[in-house]
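The primary structure of each chain is shown beneath.
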Amino acid sequence: DQQVKQNSPSLSVQEGRISILNCDYTNSMFDYFLWYKKYPAEGPTFLISISSIKDKNEDGRFTVFLNKSAKHLSLHIVPSQPGDSAVYFCAASATPGTYKYIFGTGTRLKVLA
Amino acid sequence: SQTIHQWPATLVQPVGSPLSLECTVEGTSNPNLYWYRQAAGRGLQLLFYSVGIGQISSEVPQNLSASRPQDRQFILSSKKLLLSDSGFYLCAWTRTTGQYFGPGTRLTVT
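These protein sequence lines are chains A and B, in that order. Yeah, the first sequence ends on 143 if you go by my numbering, and it's all consecutive. Yeah, the second sequence ends on 115 if you go by my numbering, and it's all consecutive.
Hints listed in this document are in silico derivations from the structure and should not be mistaken for laboratory results. Treat the hints loosely; a few may be bogus.
[Said to hold, decoys possible] In silico contact screen, one side only, chain A against chain B (beta carbon under 8 Å); selected entries:
| # | residue |
| --- | --- |
| 1 | Phe92 |
| 2 | Ala100 |
| 3 | Lys130 |
[As the list claims (entries may be wrong)] Here are some chain B residues the structure puts well away from chain A; computed CB gaps all over 12 Å:
| # | residue |
| --- | --- |
| 4 | Val20 |
| 5 | Ser22 |
| 6 | Gln104 |
Don't be surprised by glycine CBs; every beta carbon is placed ideally from N, CA and C.
Build the full structure now, drawing on both the sequences and the hints.
Below, the structure is given as structure tokens:
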């Protein structure tokens, strides 16, 4: 049972435009959400996070939106750059203190120059 | 600054052979440590986590085991590898801002 789902395995966006990556979850106990970026043959790198008490968190070109009623979060990248091309994972946690994250299957973003 | 090391970077092993992957963390003490696996076409699956020396929690039943002999060392092992053990293995540690991953080990079981 996949508790964190990323239904789009891939996404292509033109450089300079907005990239929107989506993530849905099923467990209403999740209270902390993160996005990671992963390049081939490397470990994921932390990008941005959001607590369930917020509905938006912004860091430079990256913004994460959380819609708790819909159990949906999204990552917006504006403007998209070729260096953003990577696999993006969303992750969620329902166990504060242990940092046991449940990861989605990832979305491969390709930013076209 | 904190650094996390994993080795080897790649490994090809025959079915039935043993496995030992090592992870070490520098620049911090008493970290929470984690082993994840990314199999082809799947997300990151949490395998084990440890909150201290000798303390291991297993998240899924499997052919693997983990040990934490020292504060900043986390080892993933198997006595006999299966084909299904192939994947990209990642060690991670946490701090309040999130989880930070090592470079990973690509394991191919043939």
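How the hints compare with the structure:
Against a cut-off of 8 Å between C-beta atoms, the interface hint on Phe92/A is violated, since the closest Cβ of chain B lies about 14 Å away. Because the beta carbon of Ala100/A sits about 21 Å from the nearest beta carbon in chain B, more than 8 Å, this interface hint is broken. Interface hint status for Lys130/A: upheld, as the beta-carbon distance to the closest one in chain B is roughly 6 Å, under 8 Å. Every C-beta of chain A lies more than 12 Å from that of Val20/B, the closest at about 24 Å, which supports listing it as non-interface.
Residue placement check: Ser22/B keeps its beta carbon more than 12 Å from all beta carbons of chain A (closest about 23 Å). The beta carbon of Gln104/B is not kept farther than 12 Å from every beta carbon of chain A, the shortest such distance being approximately 6 Å.
In the structure shown, a violation is registered for the earlier hints numbered 1, 2 and 6, in ascending order.
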